[in-house]
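Residues per chain, in single letters:
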Amino acid sequence: MKKARSILINNLKEQTQVIILIAFVVVFSLISPEFRTSGNFINLLKQVTVIGVISCGMTIVVITGCLDLSVGSVFSLLGLVGILLQQRSNILGVVVPLACAVAIGLFNGFIVTKYRVNSIIATLGSLSLFSGIALLITNGAIIAGRTGTWFGIIGRGRFLGVPNHVYVLFIVAIIFHIILSRTALGRKMKYVGTNTVAAEIAGVRSKRIRTVAFVISSLSVGVAVLIYTSRMTTASPITGVGYEFDAVTAVVIGGTSLAGGKGSIFKTIIGVLLLATIINLLTLYNFPFAFQSIIKGILIITAIVIDVRARKK
Amino acid sequence: VDRTRIRDIAVEQKILLVILVLGIYLSLRSRYFLTFQNITNIFLAISFEGMIAIGMAILIIVGEIDLSVGSVMAFGSVLAVLFQPYGIAAGVAAGIAGGAAVGLLNGLLVTRLRLPSIAVTLGTMVLMKGVVFALTKEHTITGTNRSFTIISQTELLHIPVPVYVFIVLALLFAMVLNRSTFGRDVYAVGGNATASKLFGIKVERVKTACFSLIGFLSGLAGVMLAGKLNIASGNIGQYSNVFVITAVLLGGISLEGGEGRILMAVEGVLLLGIMNNAMVIMKISPFVQEIIRGLLLIVIIIIDAISIEKKKYR
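These protein sequence lines are chains A and B, in that order. Residues in the first sequence are numbered from 66 upward in steps of one, following this note's numbering. Residues in the second sequence are numbered from -7 upward in steps of one, following this note's numbering.
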């Protein structure tokens, strides 16, 4: 009996974020009639799919001990590439952004691993690089694709009343979860993030593992872009501005450690929902947009404090 | 014997050589480049982020980094605009004090709670951007005190004040690093924090001072920037962290810490300033300029990483 209780308490301690999320939803539902409508919940889910998919990819990079700050500008760039091609052919509009995503991931991974440079500063460079390319492609203009084709199926279609892109997020999360928890690749990612030197001595090729992580991150940006372009059939060179911070915030408040080695997709999904719930309430109560940024900043710092404290114990 | 000395000097002053070569090339290409007006423009353009680069150089030498400088600069300029109805001095003081306060906050978070500076300042960068947007209600705000522009538009010998402020600060902090106990402590802590602690240096205090200093300088840069056109907005300083870090690394200060001089940062800033000026003269699109800046940061950080690696095996 005692043992069962201590296991329960330990489990609860591990799931702080889940409890906070449930508490938020319950409290917000009680205080706000607008919040507890089913329309609002579906809206909330619709809003998180793009950033949710990006955050899943970011989780993988963070677990290997790196950070990818280029995701926002890569999102803008891939969106433009996708819509430009979709104007001619739907298939190209799907395939080429994903192919570009792989190439960009390899580029980031190569720079970070080949020369062992700090991933934050390196991807700050590629953020600037890709956002410049995105602005250059259309000279800063917003572009629109062809509507009324099967291209819109992910973004606008529904299955059993739930938008199709919610399923996409679900599928991406499950695949990434399996990669992390059930495969040799996932185990190696955690080794590399925990202790690169030890992992290398044990025969793990850390450079290759980290490069794969960056490719997965870019690829998930590619998938997020498909959701976005399919829903909006437009793209602008500044669509993705700030997505990198949203993703980092979601990953960190979910409880994945920025130090690497620890974390899970489940935590990130909880982080994404937590962030979305807070922002949803701010929007419902007409708080200015600026408050979102303030809250995100505070959440990032708080999460880092909690993480560092936890690791010291 | 002489030849090796010349080569040593060339290696040591490589940035200066690049500046010289680039300058000669540009003056041949454009008659406008080597005019007094253009050179003044270059210096004026770099003076704001140049002030921040002085702080970033010291912070990188002490072994930390600050990504929030752009948001803090915007914060300083917004405070300067908001407080100028109470007088020019109030505007200036508010901007500088606000910047220094954020710097102090960064420093306390990093040293007291032992958090990684790159992650903390990523957080304060997002946070302060939000604060700035909240203060400006997401608009460009205009100052009401018309005489506020005297702080940046006044010219001595046809050179505007911010240029003097930048140069004086560079000289001042070059001396502080070279001659004072604080400077010695900065190098010691950056070289080996554990050993410095054993020698009785208050590592936390030195680092907090460095963070406060860069906050102070970012706030000051924001104030001077606000004085230029007497406007402020949340879009100020969006890429300042990229610019400043690129400049400092370009000047040859390594992210490893413990080494570097203020002059190097100034040279890096100057080179970037001349490059920006050249890109404008050559009518390169601002979008391409952004691409070039991104690539430059990537190349510089790779060169830095290679030289750190080399040092290890020597």
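Everything labelled a hint here was simulated from the structure, so no lab data went into it. Bear in mind the structure is a predicted one, so any value in this text is a computation, not a measurement. Ideal Cβ positions, reconstructed from N, Cα and C, are used throughout, including at glycine. Misleading hints may appear alongside valid ones.
Ranges between beta-carbon positions, derived for each pair [what the hints assert, rightly or not]:
{"no.": "1", "chain 1": "A", "residue 1": "Leu171", "chain 2": "B", "residue 2": "Val13", "range": "50 to 56 angstroms"}
{"no.": "2", "chain 1": "A", "residue 1": "Ile371", "chain 2": "B", "residue 2": "Ala93", "range": "34 to 40 angstroms"}
{"no.": "3", "chain 1": "A", "residue 1": "Glu265", "chain 2": "B", "residue 2": "Ile31", "range": "34 to 40 angstroms"}
{"no.": "4", "chain 1": "B", "residue 1": "Lys275", "chain 2": "A", "residue 2": "Ser154", "range": "33 to 39 angstroms"}
{"no.": "5", "chain 1": "A", "residue 1": "Ile84", "chain 2": "B", "residue 2": "Ala93", "range": "33 to 39 angstroms"}
{"no.": "6", "chain 1": "B", "residue 1": "His150", "chain 2": "A", "residue 2": "Gln152", "range": "34 to 40 angstroms"}
Listed below are several chain A residues computed to face chain B (Cβ distance under 10 angstroms; list not exhaustive) [as the list claims (entries may be wrong)]:
{"no.": "7", "residue": "Leu95"}
{"no.": "8", "residue": "Pro98"}
{"no.": "9", "residue": "Leu109"}
{"no.": "10", "residue": "Ser138"}
{"no.": "11", "residue": "Ile176"}
{"no.": "12", "residue": "Val182"}
{"no.": "13", "residue": "Ala187"}
{"no.": "14", "residue": "Ser193"}
{"no.": "15", "residue": "Leu201"}
{"no.": "16", "residue": "Trp215"}
{"no.": "17", "residue": "Val313"}
{"no.": "18", "residue": "Val317"}
{"no.": "19", "residue": "Lys361"}
{"no.": "20", "residue": "Val370"}
Taking lysine to any residue and the SDA-like style, the derived pairs with C-alpha atoms no more than 25 angstroms apart in a straight line are [what the hints assert, rightly or not]:
{"no.": "21", "chain 1": "B", "residue 1": "Lys302", "chain 2": "A", "residue 2": "Thr342"}
{"no.": "22", "chain 1": "A", "residue 1": "Lys179", "chain 2": "B", "residue 2": "Lys275"}
{"no.": "23", "chain 1": "B", "residue 1": "Lys6", "chain 2": "B", "residue 2": "Arg(-5)"}
{"no.": "24", "chain 1": "A", "residue 1": "Lys377", "chain 2": "B", "residue 2": "Lys6"}
{"no.": "25", "chain 1": "B", "residue 1": "Lys275", "chain 2": "A", "residue 2": "Tyr350"}
{"no.": "26", "chain 1": "B", "residue 1": "Lys194", "chain 2": "B", "residue 2": "Leu100"}
{"no.": "27", "chain 1": "B", "residue 1": "Lys303", "chain 2": "A", "residue 2": "Asn260"}
{"no.": "28", "chain 1": "B", "residue 1": "Lys302", "chain 2": "A", "residue 2": "Tyr350"}
{"no.": "29", "chain 1": "B", "residue 1": "Lys303", "chain 2": "B", "residue 2": "Ile284"}
{"no.": "30", "chain 1": "A", "residue 1": "Lys255", "chain 2": "B", "residue 2": "Pro108"}
{"no.": "31", "chain 1": "B", "residue 1": "Lys129", "chain 2": "A", "residue 2": "Ile185"}
{"no.": "32", "chain 1": "B", "residue 1": "Lys194", "chain 2": "B", "residue 2": "Lys220"}
{"no.": "33", "chain 1": "B", "residue 1": "Lys220", "chain 2": "B", "residue 2": "Lys302"}
{"no.": "34", "chain 1": "B", "residue 1": "Lys6", "chain 2": "A", "residue 2": "Tyr180"}
{"no.": "35", "chain 1": "B", "residue 1": "Lys129", "chain 2": "A", "residue 2": "Lys179"}
{"no.": "36", "chain 1": "B", "residue 1": "Lys302", "chain 2": "A", "residue 2": "Ile185"}
{"no.": "37", "chain 1": "B", "residue 1": "Lys302", "chain 2": "B", "residue 2": "Leu100"}
{"no.": "38", "chain 1": "A", "residue 1": "Lys272", "chain 2": "A", "residue 2": "Tyr350"}
{"no.": "39", "chain 1": "B", "residue 1": "Lys304", "chain 2": "A", "residue 2": "Lys377"}
{"no.": "40", "chain 1": "A", "residue 1": "Lys179", "chain 2": "B", "residue 2": "Lys303"}
Q.
Which constraints among the numbered hints does this structure fail? Numbers only, ascending.
A. 1, 2, 3, 6, 7, 8, 9, 16, 21, 22, 24, 25, 28, 29, 31, 32, 33, 35, 37, 38, 39
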